[in-house]
Amino acid sequence: MTELLARSFAQNAERPAYRSAETTLTFAQLWSLAARYAADLAGSRAPVLLIGDKEPHMLAGILACLMAGRPYVPCDSSLPPARLAAIRAQSGATDVIDETTLPARTPLTAFAGTDADLAYILFTSGSTGVPKGVPITRGNLKAFAQRMLLRQEALTACAGGTVLNHARLSFDLSDADVYFALCTGTAFRPLTARELSSHAALLPALEQAAPDAAVMTPSFARHCLLMPEFSAASLPRLRCIFFCGEPLTPAVAAGLFARFPHLRILNAYGPTEATCAVCASEITPEMTAWPRLPCGDPTQASCEIRIEQGEIVLAGASVFGGYLGDPAPVTAYHTGDGGEIRDGWLFCTGRRSGYVKLGGFRIEPAEVRLAIEAIPGVEACTVTTVRRGETVLRLRAAVLSETRTAAEIRAALAERLPAYMIPAELRVQAAPSVSENCKLRL
Amino acid sequence: MTEREVALLLCDACGLEAPPAPDEELLESGLLDSLALIELLAALEDAGWQIHPTRVERSCFASVRSICALLNRIKTAGGNEA
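Sequence order for the protein chains is A and B. The C-terminal residue of the first sequence carries number 830 in my numbering, and the numbering is unbroken. The C-terminal residue of the second sequence carries number 95 in my numbering, and the numbering is unbroken.
If you only want the chain A side, here are some residues facing chain B, beta carbon under 10 Å, derived:
1) Ala588
2) Leu590
3) Arg610
4) His611
5) Leu613
6) Pro616
7) Leu746
8) Val774
9) Arg775
10) Arg784
11) Arg798
12) Ile810
13) Ala812
For each label pair, taking beta carbons as the anchor points, the in silico distance ranges come out as:
14) B:Ala82 - A:Glu674: 40 to 46 Å
15) B:Asp59 - A:Leu490: 52 to 58 Å
16) A:Gly738 - B:Gly61: 28 to 34 Å
17) B:Asp36 - A:Thr411: 41 to 47 Å
18) B:Asp36 - A:Gln697: 47 to 53 Å
19) A:Arg403 - B:Glu30: 50 to 56 Å
20) A:Pro592 - B:Ala34: 34 to 40 Å
21) B:Ser47 - A:Val484: 25 to 31 Å
For the record, the hints were derived by calculation from the structure and aren't laboratory data. Backbone N, C-alpha and C define an ideal beta-carbon position, used for all residues, glycine too.
Same shape as in the complex, but just chain A (with noise of 0.2 Å):
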């Protein structure tokens, strides 16, 4: 991974890696950044927690932890310090890269490490009530790069222009312009937590970043198709949407190609346990009359996918060893996603069991339950999503306490979990309801 990372900034050092609305930086100053950051973390193996929304220091940090041969882990700037801490003591990270870190005088010159060397550790939203690590090899992050995200043509053929990214650098689909960038030479612009909070922020801020590609959830294209002005006449650059994170729907695609006439639009599939996205379709127009989109041609992809009674199983190249302080391997791991392969696609038919996905964000409604009861004076609680089809629109929590208001629980909540698990509807009861057919309900 790290040869790969090399050539590709040698070959492009004076290109701008880096764009902001502020500032640019080229590969050449991201790499001398990055390999001083790395020689003050050289001589340990241990985790660096990189904290930060998506600021310079972010990117950098991910090349210098590479670099020093030290796993990464991802950490929103907005996260509530008890999770932070949570994070930090079940990853045994011992050093911090955030806005105050200062690099060292002198760069590090030698790489350290190896392709079976963790490559980063995501944490992710746990049934048992705590984070739970995925962690991820350099292996597994070059057969993510090599295998799947550099051979989408699409893609590639934006390579050196601009690549735009909404998703946070803690939400694994950022590995998608984080290494498209880094591997071809393509400014990595980040939307900021300030361009992303209105529409009237967003509109300027996608002008100003004028995007060759984008990486996106479906959600955000939907929410930027909202702005009649969000069009090939405002954005002339953009030729290619790299799509991964919940499934694209036909609706949203043909939106696309209504506003954007010389659109590609790639279509990927795959689970933060198999790094990032394992497989990718290219979405033609006339694939919009079809009532589900493909994800992805199987035999192309960064792993083996197979169909085990009607769910998506992944075996391979770009698939973890398992989870972080569980010493059960994982040797083919099961997605809980409903999948079939029709006429050489995967399609994805949504989620069988275990965590839901709302807006993208994965959740376990376990982990808010538990959450929600760990709160003095609640005496119990459940937490429902709210559907239309297969969509999870919202969670619903039903909390029994005689003593605390819906504010109260919501404020205990934002100081443990990160805002997306914060369930939309909470209501509170003092005592329990029968329902018709006699059981408890809340």
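Got chain A sorted already, so can you dock chain B onto it with the hints?
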């Protein structure tokens, strides 16, 4: 569009069991979160209301009543205001 019709659209967009009351607060309570707002705007668009989100304050979506007021302003302005 009547308050009742807006309330029904909201019910669907937010996945609520019952339509919200005209003055029920939607934003602070978390009922109309960003995903639900996308659903609502898409539903309004399907009903023939073109709302330019870049030109509308978020506070216009604070209640059924304020959404109706927004739609009335758009109607009065011949669809050009927002």
